[in-house]
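Number of protein chains: 2
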Amino acid sequence: MIGYIAGALTTIAFAPQLLKALSTKSTKDVSLLMLLCSTLGMALWLLHGIQVNDPALIVANSVSLVLASSLLGLKLKNDCFK
Amino acid sequence: MIGYIAGALTTIAFAPQLLKALSTKSTKDVSLLMLLCSTLGMALWLLHGIQVNDPALIVANSVSLVLASSLLGLKLKNDCFK
Chain S
1 MIGYIAGALT TIAFAPQLLK ALSTKSTKDV SLLMLLCSTL GMALWLLHGI
51 QVNDPALIVA NSVSLVLASS LLGLKLKNDC FK
Chain E
1 MIGYIAGALT TIAFAPQLLK ALSTKSTKDV SLLMLLCSTL GMALWLLHGI
51 QVNDPALIVA NSVSLVLASS LLGLKLKNDC FK
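Heads up: the protein sequence lines correspond to chains S and E, in order.
Quick note on my numbering: the first sequence kicks off at 1 and runs consecutively.
Quick note on my numbering: the second sequence kicks off at 1 and runs consecutively.
No wet-lab data here; the hints were simulated from the structure.
Check each hint, because a few of them may be wrong.
[What the hints assert, rightly or not] Capping the alpha-carbon separation at 25 Å, the derived lysine to any residue pairs in SDA-like fashion look like this:
1. Lys-28/S to Phe-81/S
2. Lys-20/E to Pro-16/S
3. Lys-75/S to Leu-33/S
4. Lys-25/S to Asn-78/E
5. Lys-82/E to Leu-40/E
6. Lys-28/S to Pro-55/E
7. Lys-25/S to Lys-75/S
8. Lys-25/S to Lys-20/E
9. Lys-25/S to Pro-16/E
10. Lys-28/E to Ile-12/E
11. Lys-25/E to Cys-80/E
12. Lys-75/E to Ala-8/S
13. Lys-82/S to Leu-22/S
14. Lys-28/S to Pro-16/S
15. Lys-77/E to Tyr-4/E
16. Lys-75/E to Ser-26/S
17. Lys-75/E to Leu-18/S
18. Lys-25/E to Ser-70/E
19. Lys-20/E to Leu-72/S
20. Lys-75/S to Ala-15/S
21. Lys-28/S to Cys-80/E
22. Lys-28/E to Leu-18/S
23. Lys-20/E to Gly-73/S
24. Lys-20/S to Lys-25/E
25. Lys-25/S to Leu-40/S
26. Lys-25/S to Leu-33/E
27. Lys-28/S to Leu-33/E
28. Lys-75/S to Leu-9/S
29. Lys-25/S to Leu-22/E
30. Lys-28/S to Ser-69/E
31. Lys-77/E to Leu-9/S
32. Lys-75/E to Ala-15/E
33. Lys-28/E to Leu-47/E
34. Lys-25/S to Leu-19/E
35. Lys-28/S to Lys-75/S
36. Lys-25/S to Leu-72/S
37. Lys-20/S to Ile-5/S
38. Lys-77/S to Leu-33/E
39. Lys-77/S to Asp-29/S
40. Lys-28/S to Asp-29/E
With the rest of the complex left out, here is chain S (with noise of 0.2 Å):
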């Protein structure tokens, strides 16, 4: 139960920091290292999700995948290439 509840925290964790992203339009204090470690991270859950056939690993980091990168793509845009 305690496993559910922390894997449903950590897999929404960034849905605040991208709404937060999106109304202030400013990542400046996101860690653009932050966000590359996270979203290859998730990516690679998720392969080893689909590796080992494991639908909580699948479920969790397709959202947190989805999440991730948006930021990612905000903070590009944002402070890279603009």
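Got chain S sorted already, so can you dock chain E onto it with the hints?
Leaving out everything else, chain E in the frame of chain S:
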């Protein structure tokens, strides 16, 4: 193998964010709710790891919990209680 690289990446992801926050002394764009979800989520993952006696969960989440709670402390200090 992919799982280990994924775990390492998502575990250390907050390290560059913490270093950035320490060097710029600015955490304005970092979401408080993201840090609360992450810190609580990692604490619960650690608890779950202790309950099911999984050394990988315990080690990974001990490291990331220290990083996330340090960031949370900085965020509270910088933007909430000053």
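Hints, one by one, checked against the model:
Taking the CA atoms of Lys-28/S and Phe-81/S, the gap is about 13 Å. The hint holds against a cut of 25 Å. For the hint linking Lys-20/E to Pro-16/S, the alpha-carbon distance of about 20 Å falls within 25 Å, and the restraint holds. A distance of roughly 11 Å separates the Cα atoms of Lys-75/S and Leu-33/S; the hinted pair therefore holds under the 25 Å criterion. For the hint pairing Lys-25/S with Asn-78/E, the CA-to-CA distance comes to about 20 Å; that is within 25 Å, so the pair holds.
A threshold of 25 Å between alpha carbons decides the hint, and for Lys-82/E with Leu-40/E the separation of about 23 Å falls inside it, so the pair holds. About 36 Å separates the Cα atoms of Lys-28/S and Pro-55/E, which puts this hinted pair outside 25 Å; it is violated. Straight-line distance between C-alpha atoms of Lys-25/S and Lys-75/S comes to about 9 Å, which keeps the hinted pair within the 25 Å bound. Of the pairs offered as hints, the one joining Lys-25/S and Lys-20/E holds, with about 19 Å between alpha carbons and a cut-off of 25 Å not exceeded.
Between Lys-25/S and Pro-16/E, the direct Cα distance comes to roughly 21 Å. Compliance with the 25 Å bound is thereby established for this hinted pair. Our distance criterion of 25 Å between C-alpha atoms is met by Lys-28/E and Ile-12/E, whose separation comes to about 22 Å. Taking the CA atoms of Lys-25/E and Cys-80/E, the gap is near 14 Å; set against the 25 Å cutoff, the hint holds. Between Lys-75/E and Ala-8/S, the direct Cα distance comes to roughly 23 Å. Compliance with the 25 Å bound is thereby established for this hinted pair.
Between Lys-82/S and Leu-22/S the CA atoms are separated by roughly 16 Å; this keeps the pair inside 25 Å, and the hint holds. Of the supplied pair hints, the one linking Lys-28/S and Pro-16/S holds, its CA atoms being roughly 16 Å apart against a limit of 25 Å. Our distance criterion of 25 Å between C-alpha atoms is broken by Lys-77/E and Tyr-4/E, whose separation comes to about 34 Å. The hinted pair formed by Lys-75/E and Ser-26/S meets the criterion: a straight-line CA distance of about 16 Å does not exceed 25 Å.
Proximity of Lys-75/E to Leu-18/S is assessed by CA-CA distance (about 17 Å); at most 25 Å being required, the pair is judged to hold. With a C-alpha separation of about 13 Å, the suggested pairing of Lys-25/E with Ser-70/E holds against the 25 Å cut-off. Straight-line distance between C-alpha atoms of Lys-20/E and Leu-72/S comes to about 16 Å, which keeps the hinted pair within the 25 Å bound. This hinted pair checks out: Lys-75/S and Ala-15/S have alpha carbons roughly 15 Å apart, not beyond 25 Å.
Only pairs whose Cα atoms come within 25 Å are accepted, and Lys-28/S paired with Cys-80/E is accepted, the gap being roughly 19 Å. A distance of roughly 14 Å separates the Cα atoms of Lys-28/E and Leu-18/S; the hinted pair therefore holds under the 25 Å criterion. The suggested pairing of Lys-20/E with Gly-73/S holds, with an alpha-carbon distance near 19 Å, which does not exceed 25 Å. Note on Lys-20/S and Lys-25/E: the hinted pairing holds, with a Cα-Cα distance of about 19 Å set against a maximum of 25 Å.
Of the pairs offered as hints, the one joining Lys-25/S and Leu-40/S holds, with about 23 Å between alpha carbons and a cut-off of 25 Å not exceeded. Between the alpha carbons of Lys-25/S and Leu-33/E the distance comes to roughly 17 Å, so the proposed pair stays at or under 25 Å and holds. Distance check on the hinted pair: Lys-28/S and Leu-33/E sit about 18 Å apart at the alpha-carbon level, within 25 Å; holds. Annotation: proposed proximity of Lys-75/S to Leu-9/S holds, straight-line Cα distance about 23 Å (limit 25 Å).
This hinted pair checks out: Lys-25/S and Leu-22/E have alpha carbons roughly 22 Å apart, not beyond 25 Å. Restraint check: the Cα-Cα separation between Lys-28/S and Ser-69/E comes to about 21 Å, which is no more than 25 Å; the hinted pair holds. Only pairs whose Cα atoms come within 25 Å are accepted, and Lys-77/E paired with Leu-9/S is accepted, the gap being roughly 23 Å. The suggested pairing of Lys-75/E with Ala-15/E holds, with an alpha-carbon distance near 15 Å, which does not exceed 25 Å.
This hinted pair does not check out: Lys-28/E and Leu-47/E have alpha carbons roughly 30 Å apart, beyond 25 Å. Between the alpha carbons of Lys-25/S and Leu-19/E the distance comes to roughly 23 Å, so the proposed pair stays at or under 25 Å and holds. For the hint linking Lys-28/S to Lys-75/S, the alpha-carbon distance of about 8 Å falls within 25 Å, and the restraint holds. Between Lys-25/S and Leu-72/S, the direct Cα distance comes to roughly 13 Å. Compliance with the 25 Å bound is thereby established for this hinted pair.
Between the alpha carbons of Lys-20/S and Ile-5/S the distance comes to roughly 23 Å, so the proposed pair stays at or under 25 Å and holds. For the suggested pair Lys-77/S and Leu-33/E, the alpha carbons sit about 23 Å apart, so the restraint of at most 25 Å is met. For the given pair, Lys-77/S sits about 14 Å from Asp-29/S by alpha-carbon distance, which is consistent with the 25 Å threshold. About 7 Å separates the Cα atoms of Lys-28/S and Asp-29/E, which keeps this hinted pair within 25 Å; it holds.
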